[in-house]
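Here the working numbering is used: the first residue of the sequence shown is 187, the next is one more, and so on.
Rather than coming from a laboratory, the hints here were simulated on the basis of the structure. Among the hints, erroneous ones may be present.
[As the list claims (entries may be wrong)] Derived lysine to aspartate or glutamate pairs resembling EDC-like cross-links, with alpha carbons at most 20 angstroms apart: (1) Lys259 to Asp206; (2) Lys242 to Glu279; (3) Lys259 to Asp282; (4) Lys242 to Asp232; (5) Lys259 to Glu279; (6) Lys259 to Glu235; (7) Lys242 to Glu208; (8) Lys242 to Glu223; (9) Lys259 to Glu208; (10) Lys242 to Asp213; (11) Lys259 to Asp280; (12) Lys259 to Asp232; (13) Lys242 to Asp280; (14) Lys242 to Glu255; (15) Lys259 to Glu223; (16) Lys242 to Asp282; (17) Lys259 to Asp213.
[Stated by the list, open to error] Listed next, with one range per pair, are the computed distances between beta-carbon atoms: (18) Arg294 to Gly270: 33 to 39 angstroms; (19) Ser202 to Thr253: 31 to 37 angstroms; (20) Glu208 to Thr263: 26 to 32 angstroms; (21) His286 to Arg212: 20 to 26 angstroms; (22) Pro238 to Gln285: 22 to 28 angstroms; (23) Ser202 to His286: 20 to 26 angstroms; (24) His264 to Gly298: 17 to 23 angstroms; (25) Leu277 to Trp216: 18 to 24 angstroms; (26) Thr222 to Glu279: 18 to 24 angstroms; (27) Gly298 to Lys242: 21 to 27 angstroms.
Quick reminder that beta carbons are idealized off the backbone N, C-alpha and C, glycines included.
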Amino acid sequence: MAEGPYPVRRANPRFSFFADAEVTGRDGTWILAQLTELSSRGCYVDTLEPIPIRTKLRLRICDGMSTCELHGKVIYTHSGGGFGIFGMGVLFEDMDAEQHSAIEALLRGLAGRPGKVLGKNSYSQIRG
């Protein structure tokens with residue numbers, strides 16, 4: 187993907203991360219999704235249906251080894267450029283200690299893999 191004209195500034199590093207997910211809206215409707223990036227504060231999700239910005243949702247992430255359920259809110263969207271895939275940035279909300287621990291465990295595993303960090307930060311800055 188081509189770089190935009192503005193630098194991306196992130197407080198928390200993002201990692202390339204592929205996992206299946208279910209997105210459930212407050213009205214109970216659900217959509218199958220694919221996570222492609224993960225940070226301690228949110229993730230990037232691809233779906234076949236767009237979800238409007240500011241939509242609050244429940245996200246169930248399954249990476250084949252573990253499952254984690256989190257609440258979040260869509261903060262931005264990208265259209266798939268005519269391919270029928272919609273990408274969304276989701277900000278995690280109202281995380282309890284168990285959810286923080288689950289995300290941190292995933293990130294520790296990702297931080298140990300070479301070439302997976304999407305940015306210039308290190309894992310030691312995740313909690314900062």
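Original post:
Taking each numbered hint in turn, which are not upheld by the structure, reported in ascending numerical order?
Top reply: 19, 20, 24 and 27
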